[in-house]
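Starting from the known structure of chain Z, fit chain L onto it as the hints suggest.
These protein sequence lines are chains Z and L, in that order. Going by my numbering, the first residue of the first sequence is number 1, and it counts up by one from there. Going by my numbering, the first residue of the second sequence is number 1, and it counts up by one from there.
Treat the hints with care, as some may be off.
To be verified - Taking lysine-lysine pairs in the DSBU-like style, the calculated list, with each CA pair at most 30 Å apart, reads:
(1) Lys279/L x Lys243/Z
(2) Lys198/Z x Lys128/L
(3) Lys13/Z x Lys175/L
(4) Lys51/L x Lys66/Z
(5) Lys9/Z x Lys239/L
(6) Lys129/L x Lys279/L
(7) Lys207/Z x Lys370/L
(8) Lys207/Z x Lys127/L
(9) Lys129/L x Lys167/L
(10) Lys51/L x Lys13/Z
(11) Lys211/L x Lys13/Z
(12) Lys51/L x Lys198/Z
(13) Lys181/L x Lys167/L
(14) Lys370/L x Lys198/Z
(15) Lys167/L x Lys153/Z
(16) Lys127/L x Lys198/Z
Derived from the structure by calculation, the hints contain no laboratory data.
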Amino acid sequence: MALFDRFRKGLEKTRTSFSEGFNRLATSLGIYDASMLDELEMLLVSADTGVPAATAAMESLRRRMKESGQVSRAQVLQMLRDELLNLLGPTSRLELAPSGLNIVLMVGVNGTGKTTTAGKLCARFAAEGRRTVLAAADTFRAAAIEQLEHWAKATGTPLIHHSEGSDPAAVVFDAVQSAKARGAGVLIVDTAGRLHNKQNLMDELNKIRRVIAREAPDARCTTLLVIDATTGQNAVVQARLFKEAASVDGVVLTKLDGNAKGGVAIAVAYETRVPILLAGLGEQVDDLVDFDAASFVDSLLPTP
Amino acid sequence: MAFFASLSDKLQAISARMKGKARVSEVDIRDMMREIRLALLEADVNFQVVKQFVDEVALKCRGSDVLECLTPGQQVVKIVHEELAAMLGTTPGRLAVSPSGFTVILLCGLNGAGKTTTAAKLGLYLKKKGKKPMLASCDVHRPAAAKQLEVLAGQAGLTSFLMPDEKDAVVVARKAVDRAKYLFQDTLILDTAGRMTIDAELMEELRQVRKAVSPTETLLVVDAMTGQEAVTIASAFDKEIGVDGFVMTKLDGDARGGAALSIRRMTGRPIKFACVGEKIADIEEFYPDRMASRILGMGDVLGLIERATVAVDEKKARDTLENIRKNRFTLQDMLSQMEEVVKMGDMNSMLEMIPGMDKKKMAGAQVDEKQVARTVAILRGMTVRERMNPDLLNASRRKRIAAGSGVQVQDVNRVVRQFEETEKMMKQFQSMSRGRRGRAGMPGFPF
Chain Z
1 MALFDRFRKG LEKTRTSFSE GFNRLATSLG IYDASMLDEL EMLLVSADTG
51 VPAATAAMES LRRRMKESGQ VSRAQVLQML RDELLNLLGP TSRLELAPSG
101 LNIVLMVGVN GTGKTTTAGK LCARFAAEGR RTVLAAADTF RAAAIEQLEH
151 WAKATGTPLI HHSEGSDPAA VVFDAVQSAK ARGAGVLIVD TAGRLHNKQN
201 LMDELNKIRR VIAREAPDAR CTTLLVIDAT TGQNAVVQAR LFKEAASVDG
251 VVLTKLDGNA KGGVAIAVAY ETRVPILLAG LGEQVDDLVD FDAASFVDSL
301 LPTP
Chain L
1 MAFFASLSDK LQAISARMKG KARVSEVDIR DMMREIRLAL LEADVNFQVV
51 KQFVDEVALK CRGSDVLECL TPGQQVVKIV HEELAAMLGT TPGRLAVSPS
101 GFTVILLCGL NGAGKTTTAA KLGLYLKKKG KKPMLASCDV HRPAAAKQLE
151 VLAGQAGLTS FLMPDEKDAV VVARKAVDRA KYLFQDTLIL DTAGRMTIDA
201 ELMEELRQVR KAVSPTETLL VVDAMTGQEA VTIASAFDKE IGVDGFVMTK
251 LDGDARGGAA LSIRRMTGRP IKFACVGEKI ADIEEFYPDR MASRILGMGD
301 VLGLIERATV AVDEKKARDT LENIRKNRFT LQDMLSQMEE VVKMGDMNSM
351 LEMIPGMDKK KMAGAQVDEK QVARTVAILR GMTVRERMNP DLLNASRRKR
401 IAAGSGVQVQ DVNRVVRQFE ETEKMMKQFQ SMSRGRRGRA GMPGFPF
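Excised from the complex, chain Z in its bound form (with noise of 0.2 Å):
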């Protein structure tokens, strides 16, 4: 399936809703007016796109439609498209260094699929034809070296582990000194869940940031914030947080699959401006794939 059709069906439910809302707005006077634009923008909160983006993307709008006076359906439309992109930024991939060591650090809030994530990273990686080893260290819930361990065994991937509530920073260390003799290309490091506004755990972060810098100065360290796409606002602080405690390079987006607006990308790539990576489309191995705005966009938006 072609990434935009993925997309697609992803985002299928929440296209209905918004496409609904769109056409609903155009049949009622046949084109756009300034006051229509407010519902509009109360279509793009409710997809979870947060206040801010939906108002700098409705001002822009309204000047445009202004000058240009071009008010039609599909002239709209077209505008609304070139916002939304806009607001989502460039985009970016995850790109792994070729020859020497890469080191993926997943990061997140407890519950938005660190752990899956990291196994399906490990599948791609695997496929490419890289070796890879695992580090688990979430050594603080229960049963999270054994999902990891479910995961290193489907993907024949190497897993570093200790026991149970040791501490995160030392298993890091052990994990690059393996990965190290084992001449690997990509470590990742699957860690706990920490809420962001708890000093303490964004402190064990830094200390595995430092261990990593220290051991593998010459490895290319990416740090991706796993954000569950079902969120609101709160993404946008989890990524400005996680962001300034961990140097976060990158989002993935959980979950856009099933219930999620998915709008919360377009919130949290506008007021942080940290890119939108990987998308999590579906509970199978290969339904991680690299973030597409325009794809992403386009199943949002009804057809032309």
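For chain L alone, coordinates are given in the frame of chain Z:
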């Protein structure tokens, strides 16, 4: 973060415009309602619920004498808060108990909402209430989900039941009921796999499980961070499975939790429990007014008060108040105050509960707990006579106290100075509040 302050400020600014006008215009009210609407949307309250809610509040504001009083902005906030609390429910949630003597609680929800952790927390909660709960996992999908429940059950000292090799959730559920009855447990808490409501297959599985065990309570576990979709999720579970109530999780985060309002409003089902931390004891009954404050960003004032009332030794507090009333604040009072404060627990988590506390500013103002401990040590290093009569503290006594509590004389001097300042403050406080009815509040802490 100090959102409530800013909402009330904004409303106040609007009302300031009205001064001098004989009547308040429609425009003023509309501006106020706009601010409220934005505040609620920022808190992730569903946009339809926001619309209905704001209309109701507007009606109430027009109908009352809000705009005649001196601070209409604050009045409006008060109305908003009351309406929110009323909408969230009037009484704390209770769990139903089956008349048969065997209660089954079924937990369901989306992936990652916190069902397994909630199962263990509920189990411990019920155990503390004298019940005999057993935990069982019907999650046959997520790797190691059953193992997670087993480990948590062990931590809570509860019996657990799992069938790691069984792939049919209904079979596990039936066997769990048999097992629990066999072991003479009076409650069975059944954890299920996380599922999206659009996943027809998994929803059918849940329906079958429900049919097989006919639970006394089916609770939907909802992540407090959920966005606009919360309404659809809750309604879908309610319609397809049948939900008796909700458990809100991850309330120890800083999400406003507008989802609570949305699901309550759209389904009419009560929110019964709130999970407020990572430890298995961190579960409490749901209090609507606290949630209302949270959604508005007011901080958990009531939670703070409750913690203070639990920790403070009432008699000691009364003695202190009595002394203050007599204008006699001594070092002895300061010591007992400090000890009470230490008892209340982690001070920084207390500070977070105070409304208007900005997290950014908090970083600099973190209470140094070591400092408090040091002060207590110094105060304990004094004799009772010295504490009752601070004038006795001459240089040689101060030297002795410093040596006894392992600090420098300067530190002792600092504490004494602190005491004197507090004493002065107390006197002012006294003369200020004289004439008012006796307010039994905690006097200002001297740090």
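Hint check:
no., hint, verdict
1, Lys279/L x Lys243/Z, "holds (26 Å)"
2, Lys198/Z x Lys128/L, "holds (27 Å)"
3, Lys13/Z x Lys175/L, "violated (37 Å)"
4, Lys51/L x Lys66/Z, "holds (28 Å)"
5, Lys9/Z x Lys239/L, "holds (24 Å)"
6, Lys129/L x Lys279/L, "holds (18 Å)"
7, Lys207/Z x Lys370/L, "holds (23 Å)"
8, Lys207/Z x Lys127/L, "violated (38 Å)"
9, Lys129/L x Lys167/L, "violated (34 Å)"
10, Lys51/L x Lys13/Z, "holds (23 Å)"
11, Lys211/L x Lys13/Z, "holds (28 Å)"
12, Lys51/L x Lys198/Z, "violated (34 Å)"
13, Lys181/L x Lys167/L, "holds (23 Å)"
14, Lys370/L x Lys198/Z, "holds (20 Å)"
15, Lys167/L x Lys153/Z, "holds (19 Å)"
16, Lys127/L x Lys198/Z, "holds (29 Å)"
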